[in-house]
Amino acid sequence: MAPLPRPARWKLKAAKPSRYTPRPRLTQEELDSLAAKMRSAYRWDSDPKLFQLEAVKAQIEGVDMIVQAPTGSGKTAIAAGPHLWPGNEKKFTIMVCPLLSLEEEMVKTFETDFGLKALAINTANGRCSPLKIKDILALKYQIILISPEMLQSRTFIDRVLRNTRFMQHMLSMFIDEAHCISHWGAEFRKKYGTLGKLRAFFPRGTPVIAVTATLTARVRRTIHSVLLFAQSSAQSRFINAGNDRPNVSIVVRPCEHALNSYADLRFIIPPNVTHLSDIPKTYVYADSIPAGGEIVDYLADTLEAAAGPDLLPSCAPLESLREVIRPFNAQLSQEYRTEAMERFRLGDVRVLVCTDAAGMGCNMPDIERVVQWKLPETFSHFIQRAGRAARGKGTCGVAILLVERSAYNIDLVSEPSMPPPPPPNAPKTSKGMSKKKPAAATGKRDAKEVREYAVAHGVNRGSSSKEDDLPQEHDMQTTHLGQGFRKPYVCPELLNLARVPKLPPASKLRALKKGLPDVTAQSHFRAWRKSIYAREHADAMYDEEAILDDDFIAALDSVGPLSHDYIQSVLRGKWPFWDEYAEELIKLTQSFTITFTPIPPKPRAAPKKPATPRHRAVDVNVTDVSLSSSTPVASGPPRAVTPCTPTLPQAASCPPSPTVRHPKHYLDPSEATHA
1 MAPLPRPARW
11 KLKAAKPSRY
21 TPRPRLTQEE
31 LDSLAAKMRS
41 AYRWDSDPKL
51 FQLEAVKAQI
61 EGVDMIVQAP
71 TGSGKTAIAA
81 GPHLWPGNEK
91 KFTIMVCPLL
101 SLEEEMVKTF
111 ETDFGLKALA
121 INTANGRCSP
131 LKIKDILALK
141 YQIILISPEM
151 LQSRTFIDRV
161 LRNTRFMQHM
171 LSMFIDEAHC
181 ISHWGAEFRK
191 KYGTLGKLRA
201 FFPRGTPVIA
211 VTATLTARVR
221 RTIHSVLLFA
231 QSSAQSRFIN
241 AGNDRPNVSI
251 VVRPCEHALN
261 SYADLRFIIP
271 PNVTHLSDIP
281 KTYVYADSIP
291 AGGEIVDYLA
301 DTLEAAAGPD
311 LLPSCAPLES
321 LREVIRPFNA
331 QLSQEYRTEA
341 MERFRLGDVR
351 VLVCTDAAGM
361 GCNMPDIERV
371 VQWKLPETFS
381 HFIQRAGRAA
391 RGKGTCGVAI
401 LLVERSAYNI
411 DLVSEPSMPP
421 PPPPNAPKTS
431 KGMSKKKPAA
441 ATGKRDAKEV
451 REYAVAHGVN
461 RGSSSKEDDL
471 PQEHDMQTTH
481 LGQGFRKPYV
491 CPELLNLARV
501 PKLPPASKLR
511 ALKKGLPDVT
521 AQSHFRAWRK
531 SIYAREHADA
541 MYDEEAILDD
551 DFIAALDSVG
561 PLSHDYIQSV
571 LRGKWPFWDE
581 YAEELIKLTQ
591 SFTITFTPIP
601 PKPRAAPKKP
611 ATPRHRAVDV
621 NVTDVSLSSS
631 TPVASGPPRA
641 VTPCTPTLPQ
651 AASCPPSPTV
661 RHPKHYLDPS
671 EATHA
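Under the UniProt record's numbering, the sequence shown has 82 at position 82, and the numbering climbs by one with no breaks.
What the hints contain is simulated information worked out from the structure, not anything from laboratory work. Glycine residues also receive a C-beta, built at the ideal position from the N, C-alpha and C atoms. Mixed in with the good hints there might be a few duds.
What the hints assert, rightly or not - Calculated lysine to aspartate or glutamate pairs in the DMTMM-like style (CA-CA distance at most 20 Å, straight line): (1) K108 to D135; (2) K574 to E545; (3) K374 to E256; (4) K90 to E61; (5) K134 to D158; (6) K530 to D543; (7) K49 to D32; (8) K466 to E493; (9) K530 to D579; (10) K530 to E544; (11) K530 to D551; (12) K49 to D113; (13) K530 to E580; (14) K132 to E104; (15) K117 to E105; (16) K49 to E339; (17) K37 to E89; (18) K574 to E294; (19) K514 to D565; (20) K513 to D550; (21) K374 to D356; (22) K197 to D158; (23) K393 to E105; (24) K574 to D297; (25) K514 to E544; (26) K574 to D539; (27) K90 to E111; (28) K140 to E187; (29) K513 to D551.
To be verified - Cβ pair distances, simulated, as ranges: (30) D549 to S261: 25 to 31 Å; (31) H169 to S261: 54 to 60 Å; (32) S261 to I289: 18 to 24 Å; (33) D301 to L139: 51 to 57 Å; (34) E339 to P365: 18 to 24 Å.
Use the sequences and the hints to build the structure in full.
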């Protein structure tokens with residue numbers, strides 16, 4: 001029998017050397033040297049700010065960090081600085097941006113201001129094309145600008161993040177406008193809420209840097225949780241440089257006129273404009289895209305009314321005067337937005353009515369005014385938008401918040417006390433509820449108290465009546481605005497920058513009485529629209545009625561002679577061809593006379609005859625009781641019986657009614673009498 005084999009001996013394999021190399025810890029001398037390098041490489045007049053240097057140091061050392069710093073203070077330099085450290089020249093940084101316009105602008109900023117090659121990956125430039133992926137893996141770019149959605153796409157994860165050899169060159173993940181993690185991560189853009197999961201693809205010790213200008217305690221906790229800072233090997237850091245902008249004044253003014261008239265925005269266009277430079281460069285933020293379009297129309301009309309005779313020739317690059325005011329939102333094409341922003345940068349466009357598409361991060365150095373139309377969703381939104389003003393060195397600007405008057409009715413400081421419980425003997429209604437109580441008992445304020453509160457807190461400040469008394473004389477508290485706004489300088493003269501001139505009372509057009517349509521005028525209108533259709537719209541998919549439909553014709557040919565104001569009130573803003581054919585249509589109405597024919601009155605209805613009275617049918621129960629001999633008769637005198645005349649007469653030929661008993665009341669024989 002063959003001997004059993006000797007048991008195998010387990011040999012421990014030598015552990016492979018780890019690829020992880022701990023990042024260096026900078027000394028103060030090395031930090032000073034880094035500051036000198038940044039100043040020299042970026043051609044700055046002074047050393048980098050403290051928060052910039054600390055954030056660059058955190059990336060070199062591989063430590064997560066949250067940075068709060070004012071808008072326009074140089075947060076972009078935080079992403080560029082680590083590439084100056086020896087050994088990091090060929091490494092790359094992934095920079096998460098919320099907006100396409102911001103990505104394109106950042107590419108230019110990194111190349112011109114910091115000398116770094118940057119690439120934006122978005123839907124406007126081909127997404128993750130094979131050529132771009134090849135260039136990225138070849139380490140041709142030091143900054144990769146990308147949205148959270150594109151960063152977490154299957155293509156980018158499989159081709160880039162899963163490439164372990166390439167990812168060894170990653171320096172950090174830099175999240176710009178990090179407050180979007182809290183504001184948008186739950187519902188609007190859910191990929192912001194899953195950015196922390198990308199750590200699984202990063203090399204060990206890769207830091208995540210989150211920067212923003214608006215950071216409340218709740219937003220900071222959300223960022224810390226979503227980005228998984230607690231799972232990092234090193235303790236995360238936080239630096240707060242505040243968000244105060246000393247060169248930007250803030251004006252808060254209630255709206256004086258009806259909101260749908262947009263008359264409170266009249267101050268944007270100065271009176272008697274003679275040159276484009278008379279209109280300060282202005283961002284107007286409207287959270288509603290349709291409202292933004294109406295604001296563009298209102299400001300364009302105001303500019304046409306205020307423009308001097310020499311203004312239009314000075315607008316050579318523009319097709320018309322109305323193009324001085326442009327809309328800017330996400331629904332417009334990328335080509336249009338690029339052109340509009342470039343013209344705004346050059347000064348041909350003076351007012352940009354926009355949404356957040358031009359809100360966060362866009363760096364325009366010479367913006368003089370930022371106007372927020374109505375209260376934004378959060379206070380952070382206003383701080384972000386106000387930060388677009390005066391970003392250039394040595395410039396000053398103003399941020400104007402136009403608030404609905406109803407906002408001044410709300411008391412945010414003193415909450416109403418809970419109403420006392422009703423006494424046990426309180427009167428109840430039929431449904432068991434207590435009767436209506438006065439406003440004081442329920443903790444609600446009456447209308448007079450609300451009005452007095454609004455006036456005391458500045459609802460009339462900044463109006464055309466110039467009632468600018470300070471509503472509060474005590475020091476402003478820091479409960480809501482933070483330490484950066486402890487004792488601001490309050491200057492009522494700033495209200496003059498946003499004051500609406502006293503407008504004359506609007507003349508109301510007398511409503512014209514409509515009559516019968518003038519057949520002759522109707523034929524003129526129809527012949528005119530037919531000629532317009534044949535002249536300029538013959539190849540269109542619609543018919544001639546689309547030029548001027550029958551409803552508009554009926555409104556014009558039934559009121560008699562037409563005035564210019566009446567035609568404008570009927571067609572302007574409703575007729576799509578007003579700008580093209582308004583003058584031609586007005587000339588047409590002057591070539592013939594519209595005859596007014598009143599509508600004949602309706603014939604009066606014949607008087608109604610009085611209703612014939614009807615007999616009311618009454619059921620009569622007649623009881624015939626036959627007394628048998630065995631039935632005892634009550635003693636005593638007989639009772640008097642009152643004869644009852646039936647309501648309905650009986651015919652003489654009717655037979656006697658049989659005995660009828662009511663189903664509920666039976667006749668007691670003891671009470672029976674002879675009829």
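Hints versus structure:
no.	hint	result
1	K108 to D135	holds, 18 Å
2	K574 to E545	holds, 15 Å
3	K374 to E256	holds, 12 Å
4	K90 to E61	holds, 17 Å
5	K134 to D158	holds, 13 Å
6	K530 to D543	holds, 9 Å
7	K49 to D32	holds, 12 Å
8	K466 to E493	holds, 10 Å
9	K530 to D579	holds, 18 Å
10	K530 to E544	holds, 6 Å
11	K530 to D551	holds, 16 Å
12	K49 to D113	holds, 17 Å
13	K530 to E580	holds, 16 Å
14	K132 to E104	holds, 16 Å
15	K117 to E105	holds, 13 Å
16	K49 to E339	violated, 34 Å
17	K37 to E89	holds, 13 Å
18	K574 to E294	holds, 13 Å
19	K514 to D565	holds, 16 Å
20	K513 to D550	holds, 19 Å
21	K374 to D356	holds, 14 Å
22	K197 to D158	holds, 15 Å
23	K393 to E105	holds, 19 Å
24	K574 to D297	holds, 13 Å
25	K514 to E544	violated, 25 Å
26	K574 to D539	violated, 24 Å
27	K90 to E111	holds, 15 Å
28	K140 to E187	violated, 36 Å
29	K513 to D551	holds, 16 Å
30	D549 to S261: 25 to 31 Å	holds, 27 Å
31	H169 to S261: 54 to 60 Å	holds, 58 Å
32	S261 to I289: 18 to 24 Å	holds, 19 Å
33	D301 to L139: 51 to 57 Å	holds, 55 Å
34	E339 to P365: 18 to 24 Å	holds, 20 Å
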